[in-house]
Structure formats: C-alpha cells, structure tokens
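J.: Chains as they are written, first to last, in my numbering: chain A, 4 to 794; chain B, -1 to 95.
None of these hints come from the bench; they were simulated from the model. The reader is advised that the hints may include incorrect statements.
Said to hold, decoys possible - When the alpha-carbon atoms are kept at most 25 angstroms apart in a straight line, the in silico BS3-like pairs for lysine-lysine are as follows:
(1) K35(B) - K620(A)
(2) K307(A) - K327(A)
(3) K572(A) - K35(B)
(4) K572(A) - K25(B)
(5) K35(B) - K575(A)
(6) K754(A) - K25(B)
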Amino acid sequence: MAFFVNDVFANLSSNRNLNEDEALDFEETYDGLGDNLEEDDDDLNAATFGEAALAGLKPGPGASNFDFSGPSNQPRNGQQRGQEQPAARAAPRAVSPPKAVAHPVRTGYEKYKQADPLPNLGVPLRVSPSPFPVRSAPAPQAEPSSRARKMMSLEEVEESMRARKAATPTASSVPTASSMAPSHLQPMPPTFSDQHSAQHVGTGAQALEPFPFGGVHVQPRYAQNQGFPPQGPPRDDIHHYNQPPYEPPGPMQFSAQQSQLPGHGRLQGPPHGSMQNGQLPGQLLNLSDAERAAYLEGEANRAKRHHKMMLLTRFDGLMTPQDKNFITRIQLQSLLTATGGLEEQGPEAALAEDFYYQVYLQIRGPPRQYPHQPLNHFAQTYLHQTAGRAANRRYPRGGDNLVRRMEQQVQRAVEAARLKPKNKQLIVEGSLGKISFSNAKTPKPLLNIKRTDGEIRPSGSKAKAGNVLADRRTVLSDLETIYGTLMAMEDLERQAPPPPREGGSADEIESHMRWRARIQECSEALWSQLKVLEPIMPKYVIVASRKLSADLCSSQTRHPFISILAHAKGKKLIPRVFRQLDEQQRLTTLTMIVVHLDVLDVTRSAYLHAGEVSLPKDLNDSIELFDLAVMPSLFMFVDDSALGLIIGLLSLIVDRVNVPAIVRTKIGVKFLTIFISRAEVIKSAGHTSEDEWSQWTETYDRLFDNVEPQLPFLFPNPINAGEDVHVWQFLASMGSAANPEQQQRLVIGVKDRVMDTVSAAKNLPEEISRSRLADVNLFMKAIGLDVDLLG
Amino acid sequence: MASEEESAVKEPLDLIRLSLDERIYVKLRSDRELRGKLHAYDQHLNMILGDVEEIVTTVEIDDETYEEIVRTTRRTVPFLFVRGDGVILVSPPLRTA
Chain A
4 MAFFVNDVFA
14 NLSSNRNLNE
24 DEALDFEETY
34 DGLGDNLEED
44 DDDLNAATFG
54 EAALAGLKPG
64 PGASNFDFSG
74 PSNQPRNGQQ
84 RGQEQPAARA
94 APRAVSPPKA
104 VAHPVRTGYE
114 KYKQADPLPN
124 LGVPLRVSPS
134 PFPVRSAPAP
144 QAEPSSRARK
154 MMSLEEVEES
164 MRARKAATPT
174 ASSVPTASSM
184 APSHLQPMPP
194 TFSDQHSAQH
204 VGTGAQALEP
214 FPFGGVHVQP
224 RYAQNQGFPP
234 QGPPRDDIHH
244 YNQPPYEPPG
254 PMQFSAQQSQ
264 LPGHGRLQGP
274 PHGSMQNGQL
284 PGQLLNLSDA
294 ERAAYLEGEA
304 NRAKRHHKMM
314 LLTRFDGLMT
324 PQDKNFITRI
334 QLQSLLTATG
344 GLEEQGPEAA
354 LAEDFYYQVY
364 LQIRGPPRQY
374 PHQPLNHFAQ
384 TYLHQTAGRA
394 ANRRYPRGGD
404 NLVRRMEQQV
414 QRAVEAARLK
424 PKNKQLIVEG
434 SLGKISFSNA
444 KTPKPLLNIK
454 RTDGEIRPSG
464 SKAKAGNVLA
474 DRRTVLSDLE
484 TIYGTLMAME
494 DLERQAPPPP
504 REGGSADEIE
514 SHMRWRARIQ
524 ECSEALWSQL
534 KVLEPIMPKY
544 VIVASRKLSA
554 DLCSSQTRHP
564 FISILAHAKG
574 KKLIPRVFRQ
584 LDEQQRLTTL
594 TMIVVHLDVL
604 DVTRSAYLHA
614 GEVSLPKDLN
624 DSIELFDLAV
634 MPSLFMFVDD
644 SALGLIIGLL
654 SLIVDRVNVP
664 AIVRTKIGVK
674 FLTIFISRAE
684 VIKSAGHTSE
694 DEWSQWTETY
704 DRLFDNVEPQ
714 LPFLFPNPIN
724 AGEDVHVWQF
734 LASMGSAANP
744 EQQQRLVIGV
754 KDRVMDTVSA
764 AKNLPEEISR
774 SRLADVNLFM
784 KAIGLDVDLL
794 G
Chain B
-1 MASEEESAVK
9 EPLDLIRLSL
19 DERIYVKLRS
29 DRELRGKLHA
39 YDQHLNMILG
49 DVEEIVTTVE
59 IDDETYEEIV
69 RTTRRTVPFL
79 FVRGDGVILV
89 SPPLRTA
C-alpha cells in the first residue's frame, strides 16, 4: 500500500517538475532521514507490526524510494537498504501517509518556490526538534546536523513555523514533549514496543491492523485536538496537510497515556485514525489530475500565506508589556522634566517654545489668557488617559498597579524637577566657597548685570522744558525705547493672570491688581515715550525741495512724534501702539497726525512736479507702508467717532494745514476722504442735530473753497498710469457731501479728466477699461450721473 | 541727550539696534561692501539684510604691464544672510547729500 502511494506521487512529482533537479530534491528531502533510519532497532519490528505487515512493506521502500533517485539507482543497493530497514523504518515510512503527502506537498512548494523565490529565513531553531520526531525519533542526534548542513527547505520552514505557532499557546506542554522526545525515545525503544505489543496482544489481532496505519498519526491528531483547542485556523491547515510536524508529542503521549490507560487510549485512537487519517492519502489517491492540481495549488497558496504571515509576525512580541511600560515611563519622565523646567522658569520659557505663534495669537486671534496653563495639565491628562486605556486593554489584572506605580514615579519626577532649581548652590559645610549648579536650562551666570528698569521708567524726568532737537539718533533711540516698552507690555498681556472672579481668593485678586498696576505703569511710559504731547513747534517754512524720509529729521526741528512716524519702523509701530492706547490717547495721536498732515514725510512733497512721471521709490514705499500700517488704525478710530469730532478734525485741517498741498498727495486725499465719508455716513444715519449739521456744512464749504482751485491738479499722474482710485474716491465723497452748486463746480473742475479717462478707456483692453470706468463712475454716481451718459 | 539714549543703548551693540529696519552700510573682509536694510542681527553680528547692494572690489595685476586693475562688481540681492565673522564695520549709510 505504502509503496504504491509513494510510487504514484513520485511519478506525479517528476512529471510536474520536469525542470527541477529531481535527484537533488529527493536527496535533500529524504536522504538524511533514510540514513538515520537505518540504524534503528529493526529487530523489534516484527513484534510491533507483525510479519504480514512487514512482508507487505519490505519491497516498498526499496523499489519506490530509489526509483527516482536518478542516476545512482542501483537495484542492489536498494535491495540492501530495503532489507536492512524492515519495519522500524516502515513504522514512519510505510505508515507513510506523511511521506506520501509530503511528496506532493513538496511539489506544491516547489511551485511556490519558483513563483516567489523567497530566501529561507532564519526560523528559530529551538522549535526545530519538535517537527520531525517520528521521522527523526530513531536518530535524533543525526537529524539536526543533517538539517543544519543543508538549507532549510520551504517545507521545513513551514513546518517549524506551524510547530512554533502551535507551541506558543501551550508553551508548557509542547516544549517538554519535544525536548523529552529524543532522549526519552532513544534509550527506551523496548518500553515503547513492549507497551504496544502488550496492548496489542491484549486486544488481539484486530488491534494490529489499525495501529501501523493509524496509530502513530492518530494519536498526535488526538493530542492536537486535545492540546490545542483554542487554535482555530492553524488546526484546519493541519488537517489538510496531514504532515508530521505534530507527531512529535504523539508517540510520547501515546506511550505515556497508553501505559496508564491502555484500554481507553487504544480504543479511542484507532477509530479516529482510520477516519481522519484515511482521508488524505485516500483523497489524494482518488483525485483526478485536475483536482490534485487544484489541491496542490491550494497547498502552495496556503504555504505562501503562512510564509507571509511568518514574515509579518517575525518581530511580534519582541517587547514584553513590561518593556513597553518601561519605555513609556522614560518618555513620560523626560516630558515632565521638560514641563517641570518650564515651571521653574516661568511663562517666558513656555513662550520661547512658540513665541511667534503666541504673538500672532495675541495680535490676531482671540486672546489666549493662559498660554502655559494647558502644559501644566498635559502630562496628567495624558497619564490618566493612558492609564485608563492600559488598564482596560492591556493589563486586565496587573495593569492598574503598574500604571499607578508609573504615576507615582512621574509625580516624584515632577517634584524633583520643581525642587531642583531652588537650591542652585550647594554650600558644603566647612568649605570656603559654594558650588553652583548649572544645566542647559539655567546656565551658570558668568556675568551678573543688574538691569536698570529703564524701559519702563516714568517719563516725567524726560519731559524736559524746551524742545529736544529731534536728530536722527534721538529719534532712533526713542523708537527703540518705545519698542522696548511695547514689547514689555505685550509680554505683560500674555502673562495676564486670570481676571478675578467673584469669590476668588485674595491672592488671585491681589496678583491681578498687581498686574493691572504694571500694565498701567507701562502704558503711561509708552504714552510719554511716544512724545505725542510734546509741545507743537511753530510752523516752519515748508521747503519745496524733495527730501527723503531719512533726511527728514536730520536738520530741521520737528515734532518728535512726527519724526518717529517718518521712520518705517515708526509707522509699523502705530497699529501695535494703538491697541495699547485708550480712547483719549488715540484721539490725541490722530489729532497730532492731522495737525501735521502737511509735514508728514508721506505728504510733504509726495506729489509730482512738472515733468515727473512717478515718485521716487523710497517715497512710494513709505507711502505704501503708511497706507497699510497707519491708515487702518486711524480709519477704525474715525469710523467710531461722532460728527463733532470729525468737524473738529476737519476744521483743524482747513485752518492749520496747507490744504492745497495735501490734496495733491495720496495720504492727504485719503484723510480727507475718510473724514468726509464718515460725516456722510453719520448724516445718512440721521442722528445729527441741526446745530452740528450747520457747523459741518460750514467746515465743508471752507474745505471746498480750498480744494476747488486744485481740482485740475488732483490727479497724480497721466491718465494712462491708472492709480488714481483714491482721487476718484475723494471726489466721490466730496460730491456726495456737496450741495448742487458745489457739485456743478466739482464737475467743471474735473470735467477734462473725466472725458480724457473715458476716451482713453476706449482704447484700453476690456478689463482695464472697465475698471477705469468704474473708478470714474464712483465720482459720477456720487453726483447723480453715470459714465454711460457720456456715451 | 545722553539720558535719552541711556535706555536704549547700554552697550556698543545696542547702537546697531538703532539701525534696525534702516538702511546700513556693512564693510566685510576681502573687499566686500554691503548696503541694505537691516532686518535682524545678533551678538556675532550675523545679520539679515534686505534689498542689498553688494560691491566686490577686486585688484588684478596685469600680466604684461604689471599694472593694478581695480575692478568693482556690483549686484543686488533681495534678501541676504551675512555671517558675522566677516564683518569689519557697520554704519549708517554714508551721507551723500
């Protein structure tokens, strides 16, 4: 029977793998085993298996095994070996479903090998003894060496892998079995056979039949079923494979169990065996070629899958839960030392981490009151979260303890971090000096310079009588002082303590009050440093020559605040300063700017002289900057002002400022536009008293009279240059505020420009033309006309 | 006036602070000069400059006549990092007017 099986699959395999080196493969798989088997205690076979079985098997191995060993096929040799290994080898061999299966399976793997030539990966050898006990049981010592000698075939990898998988859940049972199997079996073959023979004798001839066939296999199967119940899928594979890997525990258990419960074990064994074991060889035999191919295909796929799984799970479980715990603890500790360090240095350190973000938030976003507060709680929150999760998931029992211990350690770490900075010096008793510690966060100070609190110094001392010559350096240092104060204020803002709540502790309230006092002090200092309130100098003669902004403050006496504004950084200062000023201070600032509207660097000579096409780049840049930085703040302020204030400002302009000069500059025109349109908005809202309104009209009339002669010169540059939107806006606001008679005068004043622009727009590309006309229309609509009417 | 500056200027480097956001003139080793707007600096005089005009002066000796040929190369860079170890002097731009 067995040899027949072998023969069939030998042919099959050789047919299927024509291009394989069949001889070599065979040697690889079987040679070592065959050799090992030779030395076994064959003399007992007769007793074990009976003469009949032996007689039937004898020719088998010889004929079949050496049939396909290729050129070295020698009948003589085959005969010899066949005779030499009568039954003991027959036990594993002739009972050879494993072999029979192994063979086709091997072909399956060969296919797999071809398709996907993955190298044999080191599978831990500690499990290797177990897979082959039945085959190697006779000569276990030889086995490992032969296996080590050759590369492990995929099949073997496969087997050991599965063995390993099976071994993990029942770690206690299998290792002992595998470790004991060789030593146990080797020295005591007699016991083994004795027991069995005794049993066989006891049960009669019937028992002999199933045993050679199924005994060895069945028992392992039984053992598997008993021993690895929790394993679902793998066992399924095992059934199909019907390979020997799980046989190791077999004989062992069998002998052990049987010796104790002879009747029970034996009776149970054979039926199982005949049923389950017969399945595979029988199936394989009966399969058609196609089915067999499909089966082999399936085997190959399964093997592939297993291999992949092995690759994937190769490093699973490298770290024990304790290891992971340990790592987490380290990370948490460093985390907390870091935050602890922040604690010790106050909020500045927290700011250092993300200063720009904080500043951005402060200026742009909603104020985040306590930037460093979340950090304090972060670790704890994290801890609690992980603790909960860990307790739920990973450590059902012992986890709580671990986490608690970790928490305690973290607490201690925090404590230590807090305490550390407090004793920066160590004075050893009896020593003359002291040792000061330093670390990365608090380096040892080499110089200890006491900084005078100059930036926040009240300016009373500074407000000297007489006018300070605003020479360049003074202005620059003023600017730096302002910036210093401003930054101090912004810092203070960031460190604002929580606003005192009702029923807050006295401490809270006190700290808040202290903070308020400091802010107050700062803002006073800032205000004085801005020098807005320095007495206004008598007007000097406006020199018509163009001067660059840098030169502005070089020689002439000027109001310091205006000098500050002349610098780019001074302009950039305005929006930041405005946030810190109160309503009254803002008004004062605006007034100061308005009064000096004609001497600002951006208005003083920011108009084109005859023959000039564009302003110098520097001047253009500062105009741009003024427009972007200063105007929005002022505009927002004006936008909330009452009519009375607007009237006051406008009359200031009319009375004290060289209106004809400023209406030719972009910034001047914008100021006027803002004021007039604000007045118009208030008028349309209808909350004005008659008195106020007549006052406004009177002021406007004066302005109009001033502006009218300049109407032809309002436009900064030739028609084609564009960039006259602000003028059209100005004209529009003028127009909407004007009475019909003034409107007429307006139209007369700018008629030429309107016509020129409209006609020029006809020759321009569609888009530009449209935008130009829209600009003109701003004005036209304000006085109740439309560009389209002009045809 | 000394008291005016006291608050902002405490050490020599603070003078450079006054020139923040202003155009400055920087003289560098190996005959290089820069003119540009000072955006930032540090204690090593590493600087960030904007709208920089760089002037490199090279002196070559003519192979035949042994005359010195002074050549200046100019180029403009929109944004420049100047490493401080090459800085010889920093000053406000030289007054041309």
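J.: Tell me if the straight-line CA distance from K572(A) to K35(B) falls inside 25 angstroms.
T.: Answer holds: K572(A) to K35(B) is near 12 angstroms, not above 25 angstroms.
J.: Between K35(B) and K620(A), is the straight-line Cα distance small enough, at 25 angstroms or below?
T.: Since the Cα atoms of K35(B) and K620(A) sit roughly 14 angstroms apart, the hinted pair holds (cutoff 25 angstroms).
J.: With a cut-off of 25 angstroms on the C-alpha distance, tell me whether K754(A) and K25(B) pass.
T.: violated (56 angstroms)
J.: When you check the alpha-carbon spacing of K35(B) and K575(A), does it fall within 25 angstroms?
T.: Cα-Cα ~15 angstroms, so holds.
J.: Between K307(A) and K327(A), does the CA-CA distance stay at or below 25 angstroms?
T.: violated (32 angstroms)
J.: Hinted pair, alpha-carbon criterion (25 angstroms max): K572(A), K25(B). Please report holds or violated.
T.: holds (24 angstroms)
Against the hints set out earlier in the document, violations occur for numbers 2, 6.
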